[in-house]
Amino acid sequence: MNIEAVMTAILSAALLSAVPLVLASTGEAIGERAGLLNLGTEGIMLVGAFSGFWVSLRTESLALGLLGGAAAGCLAGALFGIGCVVIGADQVLLGLGLTLAGGGLTAFLFRELFGSSQPLLPTSAGRPFNTLAEHLPVIGPGVFGQKWFFYVAWLIVFGAELVMRRTTFGLRIRAVGESPQAVDAVGISVTRTQCLAATIAGCLAGLGGAGLSVMELGFFQPNVTLGLGFIAIALAMLGRWTPWRIAVIAIMFGLLRGLGSGLQLTRWDVSPDLLQLLPYVGVIVALILTGKGLRMPSALGQTYAQRRRRRPATGSATQE
Amino acid sequence: MVTLRQIRPLRLPQRFPAPALLDSFGAVLIALLCGALLLIVTGHDPVLAYREWVERAILRPAGWQETLVRATPLLFAGLAVLLAMRAGAWNIGIDGQVLTGALAAAIAADWFGGDHRVPLWIIAAVAGLVTGALWAIIPALLRGRYGINEIVTTIMFNYIAMFVTAWLVKGPLGDPDVVLPQTRLIPRDLRLITLGDTRVHIGLIMAIALVLVGGLFLNRTVAGFELTATGASPRAARHGQIPTGKYITGALIGSGAIAALAGVNDVLSTKGVFQGEWNPEYGLVAFALVFLGQRSIIGLFPAALFFGQLSYAADVMPRAAGIAPAFFPTIEGALLITLAVTVWIRHQRGKR
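Same order as they appear, the protein sequences are chains A and B.
Under my numbering, the first residue of the first sequence carries the number 1, and numbering increases by one thereafter.
Under my numbering, the first residue of the second sequence carries the number 321, and numbering increases by one thereafter.
Everything labelled a hint here was simulated from the structure, so no lab data went into it.
Just so we're clear, the structure is a prediction, and the values are computed from it rather than from any experiment.
No residue lacks a Cβ here, since even glycine has one placed at the ideal position from N, Cα and C.
Incorrect hints may have been included.
List of simulated lysine to aspartate or glutamate pairs, DMTMM-like, C-alpha gap at most 25 Å [said to hold, decoys possible]: (1) B:Lys490 / A:Asp273; (2) B:Lys591 / B:Asp435; (3) B:Lys591 / A:Asp273; (4) B:Lys591 / B:Asp517; (5) B:Lys591 / B:Asp635; (6) B:Lys490 / B:Glu597.
One side of the interface only, derived from the structure: several residues of chain B facing chain A at Cβ under 8 Å [to be verified]: (7) Asp430; (8) Val484; (9) Pro649; (10) Ala654; (11) Val663.
Here are a few chain B residues that face chain A, going by a calculated C-beta distance under 8 Å [unchecked claim]: (12) Pro366; (13) Tyr370; (14) Arg371; (15) Val374; (16) Leu462; (17) Val472; (18) Ala486; (19) Gly491; (20) Phe607; (21) Thr650; (22) Trp664.
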């Protein structure tokens, strides 16, 4: 196999496989910026993957499937937000519960609905820029030869970056994760901001899951995400909760993973198990190199009990 | 400047949280009801299914014995999670520590075990303990020294453990006489002896003893108190001259060592061998178990029994009542969600 074909395959696989990851990770980052550590991302992705698959199969429309996955993710994310913020449940507990319940429920329903059969979705989605792809070697097929969802996903990530950085809403989300007291004091609802952030986070995770099952694979299997949700949590932290950094890291993660399978095609004799290590070791090395000064959002993981009637804070709380 | 509110008051966990454990009992009931509802929705008969469950998986000798057998590694894993949690750290790396510990135990038993039971067990356990601790050391130091979040690093180490152990048993450490990627089989008469005529083996007694020792350490010693204080309120602990970084590092390393014992237990009893694709995934269940036990030592015992039972039921019920094994993780998830929500119920009750 010639080197150009291998590089082309690695690049386009890396960019494609980065899509579910970058969506879920961006969602997780938005949630964590608002102070909500959602360990249920894996479960929400599975719920999105299953609902997306089921809706696509029923309606025979890939776009509706993706929407269905995103909607299911919204619902799960909203439940997580309400549970943490309104009810005051432990975030880690509720997150792990969502992961277990999401994984179990989707696997159970899949077996109930389809038994041991494995229905497949049509994989022919439009590739809008395919004409451009043929003119460029190596990067052409990877960057321009993808299905339309690929471009929509990157647009969403770009939009998330803009919203977080440039809008009042983004500012509120960031502020609520740093100091809910301050946000409460200026009269913005902490509850509403955090619930909205959790819903958006769930929506992106669900869309990521649906992207995986509907667009990338064309089928659903119990536990199809294979821990992608947990990797998304890691990447969110490694990317310091900024969508563009997360995007870069997710692509590098995908490249390292692709490099593993790519090297197997060459004559070089290395065990495939060891090559699969590359992306995970890469994350740890990157954390060691950059993580020392890493500052988490101050209120991450803490529940803030918003007062019903606002009154001046009493004595000890405000003394510096 | 530190505002006074930022220092959380030092509230230590209770030794025997009786009312909270009652909450757990209620949560189990609600989760089982959710399961019944799911069965109705999908067209099963919940009464029939649950009756079959009780009969096959609990009342029959194989049922309760297998429940105890499966509760044994869960006790080790639960104690590991609890130890780290008391110091305020999340050890999500149980899976990796179990895998590396189990492989080390299988190899050590094969190379240095000899022909006698007890020395073989001790050698395997020590090998497992050391390997588990070593596997936890990098995340532990990164967290304790530099404050790098242990959730991310331990998750990554799980994947690394999966691939490294798979590679080791396929290549350098595998049994050359067998096609399957696995270590050499430990003969049945060298494994952990069973109690009477049951399947239950003395690993269970060791697990119970270790959990009790862990309880004594956490609740009755100065080091245990300082470790708990570190987790309850790091800032207050630092003001009290407690070296919080050292305690977090130590707790994570200890947690890794104890988690590895779950793997050692399986290799020395039910498995007798380390196989390439084997991954029991105790990590998530161990977390669920600790929360079900309300983060107390005493609570670990009933919680381990319950999850051991679920694990066995997931194996029996597909054939007995045609219920997919995924039904049981669903119940576990519903249980955790219910547990999380009981905070609110408790709060409402307190208001009245």
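Evaluated hints:
no., hint, verdict
1, B:Lys490 / A:Asp273, "9 Å, holds"
2, B:Lys591 / B:Asp435, "18 Å, holds"
3, B:Lys591 / A:Asp273, "23 Å, holds"
4, B:Lys591 / B:Asp517, "19 Å, holds"
5, B:Lys591 / B:Asp635, "16 Å, holds"
6, B:Lys490 / B:Glu597, "10 Å, holds"
7, Asp430, "21 Å, violated"
8, Val484, "7 Å, holds"
9, Pro649, "3 Å, holds"
10, Ala654, "6 Å, holds"
11, Val663, "6 Å, holds"
12, Pro366, "14 Å, violated"
13, Tyr370, "16 Å, violated"
14, Arg371, "20 Å, violated"
15, Val374, "20 Å, violated"
16, Leu462, "7 Å, holds"
17, Val472, "4 Å, holds"
18, Ala486, "5 Å, holds"
19, Gly491, "7 Å, holds"
20, Phe607, "5 Å, holds"
21, Thr650, "3 Å, holds"
22, Trp664, "4 Å, holds"
Of the numbered hints stated above, those contradicted by the structure are hints 7, 12, 13, 14 and 15, listed in ascending order.
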